[in-house]
Amino acid sequence: MYVAVKGGERAIDNAHAWLAEERRGDPAVPELSVAQIREQMALAVNRVMAEGSLYDPDLAALAIKQARGDLIEAVFLIRAYRTTLPRIGASRPVDTGAMACDRRISATFKDAPGGQVLGPTFDYTHRLLDFALAAEGEPPVAATAPPDETPTPRITDFLGRDGLIQPEPATDAEPRDLTREPLEFPADRPLRLQSLTRGDEGFVLAMAYSTQRGYGRNHPFVGELRIGAVPVEMDIPELGFAIEIGEITLTECETVNQFAGSRTEPAQFTRGYGLVFGQTERKAISMALVDRALRWDELGEDDTGAPAQDAEFVLSHADNIQATGFLEHIKLPHYVDFQAELELVRKLRAEALASRREAAE
Amino acid sequence: MTAHCADPAPEISARRDWMGLLARAPVDRLAARFATLGDVPAFSWLRRPETGGVMVRGRAGGTGAPFNIGEMTVTRCALRLEDGTVGHAYVQGRDKAHAERAALVDALMQTGAAPRIEASVLRPLADEAVATRTARAARSAATRVEFFTMVRGED
Numbered sequence: 001m002y003v004a005v006k007g008g009e010r011a012i013d014n015a016h017a018w019l020a021e022e023r024r025g026d027p028a029v030p031e032l033s034v035a036q037i038r039e040q041m042a043l044a045v046n047r048v049m050a051e052g053s054l055y056d057p058d059l060a061a062l063a064i065k066q067a068r069g070d071l072i073e074a075v076f077l078i079r080a081y082r083t084t085l086p087r088i089g090a091s092r093p094v095d096t097g098a099m100a101c102d103r104r105i106s107a108t109f110k111d112a113p114g115g116q117v118l119g120p121t122f123d124y125t126h127r128l129l130d131f132a133l134a135a136e137g138e139p140p141v142a143a144t145a146p147p148d149e150t151p152t153p154r155i156t157d158f159l160g161r162d163g164l165i166q167p168e169p170a171t172d173a174e175p176r177d178l179t180r181e182p183l184e185f186p187a188d189r190p191l192r193l194q195s196l197t198r199g200d201e202g203f204v205l206a207m208a209y210s211t212q213r214g215y216g217r218n219h220p221f222v223g224e225l226r227i228g229a230v231p232v233e234m235d236i237p238e239l240g241f242a243i244e245i246g247e248i249t250l251t252e253c254e255t256v257n258q259f260a261g262s263r264t265e266p267a268q269f270t271r272g273y274g275l276v277f278g279q280t281e282r283k284a285i286s287m288a289l290v291d292r293a294l295r296w297d298e299l300g301e302d303d304t305g306a307p308a309q310d311a312e313f314v315l316s317h318a319d320n321i322q323a324t325g326f327l328e329h330i331k332l333p334h335y336v337d338f339q340a341e342l343e344l345v346r347k348l349r350a351e352a353l354a355s356r357r358e359a360a361e
Numbered sequence: 001m002t003a004h005c006a007d008p009a010p011e012i013s014a015r016r017d018w019m020g021l022l023a024r025a026p027v028d029r030l031a032a033r034f035a036t037l038g039d040v041p042a043f044s045w046l047r048r049p050e051t052g053g054v055m056v057r058g059r060a061g062g063t064g065a066p067f068n069i070g071e072m073t074v075t076r077c078a079l080r081l082e083d084g085t086v087g088h089a090y091v092q093g094r095d096k097a098h099a100e101r102a103a104l105v106d107a108l109m110q111t112g113a114a115p116r117i118e119a120s121v122l123r124p125l126a127d128e129a130v131a132t133r134t135a136r137a138a139r140s141a142a143t144r145v146e147f148f149t150m151v152r153g154e155d
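Chains R and X, in that order, are what the protein sequence lines are.
Every letter in the first sequence is one number past the one before it in the numbering used here, and letter 263, counting from 1, is 263.
Every letter in the second sequence is one number past the one before it in the numbering used here, and letter 73, counting from 1, is 73.
Pulled out of the complex, with its shape left as it was, chain X reads as follows:
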């Protein structure tokens, strides 16, 4: 095709980032940010929201052979906006409306509405995620052990 395809990595990387952010976002937080957008654009379903299990894997010893830990609940869906843009969502948990909002955001981020979506949905969600993570990390840091060496007497 064109130069568009020459370096797809940054586009894919940006989409990976927002899809991951949406997957991890608390249901009520995405709903609140999504509500600020006003009217929901018209769309048709390519795959209606469906809840299933994803088998989570680890590695023996952290780095060795893969093994199955257990499943997690995931809800996925796919939709198409009237202009033909396709949005996908894979979100943690069982909330179908959450998956629908995530797929709509994914689709809108590929349209001219991207800057507005970025500013009113993704940026605030990312900031909240950082704040939550930092708050935990700060509590954790306060429990770091400081060792004192006892004076032994022989100098």
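Bound-form chain R, shown alone:
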């Protein structure tokens, strides 16, 4: 029997009012402003922008505040918001080679032109809690040095010049867009890259780590990791030319991986690529490793059955909003479904009991 059930409005309203009160916490403690979150929780803001797939630091900070710091809930809020935005257009592909780099390191070339620039990194900190931060005070002033105006070409460009690494020839192919069409397989590389760049950081990290531990090993070196600002250009039809419509911070990681070669083709390094909104280097490195693992087919490698080589597995489970939506819906009322199951179990038990009794007699 199907029974429609209504009710709970008052309970829901009261729950949400209490949520608002809990969100605020102790009123004796000053309230966080959105600007404070944007400026002082910047890496959380970056993660929400990357996985929310919308570059807007103020909105991401607001979402973090509303979500009480639950970053997946904040990503959910951003994803919901972005569906309300009319699509103005698509940018020209950004030129990461022209990035104004805050940070730029290479694990493969010590003397890379442009140098090794650490930027504002957690690397080489001792990971000891800094109790000075518990007290209010001014931070130390960062040192400065005369800015280096020389361009910082991509490391892989040097390898490419000598034919030592597999090339990435430019195309103008219109990429498929996950926000416009459902994910379908086989997924080409542009679609995989879109899925990975907005994928859950923890999931992409775990997949990348699995390749390092041997499940689809591909021997990566971080050829280059760079973080900095790039202008975004778009063609404006009513003007007839392209203009810069803003500037965004990106993290780019290029890995240099084990080489492929054959009797006819000389050995060449291969590559994996990560490009993510904001300062998000764990994610960008992870993305590059997973991108490389998923390229096994085009590079003529064996499918070892590793999870990170399985595009359908990786891409279908990378999105934390899809995942949490499906996961969390099972806590919502399923009374009718459950009643049906309950009926079935009672019936099965009654039948089993009856047949046992018959056998005993």
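Hint data in this document are derived by calculation from the structure and do not stem from the laboratory.
Glycine included, every Cβ here is placed at the ideal spot set by N, Cα and C.
Treat the hints loosely; a few may be bogus.
What the hints assert, rightly or not - Going by beta-carbon spacing under 7 angstroms, a handful of chain R positions derived as facing chain X:
id: 1; residue: P151
id: 2; residue: R154
id: 3; residue: D177
id: 4; residue: T197
id: 5; residue: E201
Given the coordinates of chain R, assemble chain X onto it according to the supplied hints.
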């Protein structure tokens, strides 16, 4: 038409530059510079300010096939001054007043007011943008690694 059209490149290039500068300018900075102009000229809307998303693209491996990274918020509008000059704006973010100011500056830069706008709005904004960028570049430069080769003993 005339010689005016023979070489449009420098004009387009100049307009591209100021539109880009306005798109990237912090909202409060453009508002502050714009306020120094005094009265806002009368205009009519061709397209009221509208916030939307632009899909930002990158290239696989930095140089290869384009792919979608994610969207960014952009606000655009178009307006016409009383003398018929049309101003356009595409600015980063969701601030409609910011887009309106940018479109007004774009329009005024195509009129006789250009030198004054250039001096009181664009030049200061450009200087501030350079200063911000240089300050970051200077901090970044201070984190450049200097390697020392250890003496090995065999000379």
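Chain X contact restraint for T197/R - C-beta distance below 7 angstroms: holds (5 angstroms)
For the hint on R154/R, does the least C-beta distance to chain X fall short of 7 angstroms? Status holds, d = 6 angstroms.
Closest C-beta approach of E201/R to chain X relative to 7 angstroms, hint status: violated (14 angstroms)
Does the closest beta carbon of chain X sit nearer than 7 angstroms to the beta carbon of P151/R? Interface hint status for P151/R: violated (13 angstroms vs cutoff 7 angstroms).
Interface hint outcome for D177/R [beta carbon to chain X under 7 angstroms]: holds (5 angstroms)
In the structure shown, a violation is registered for the earlier hints numbered 1, 5, in ascending order.
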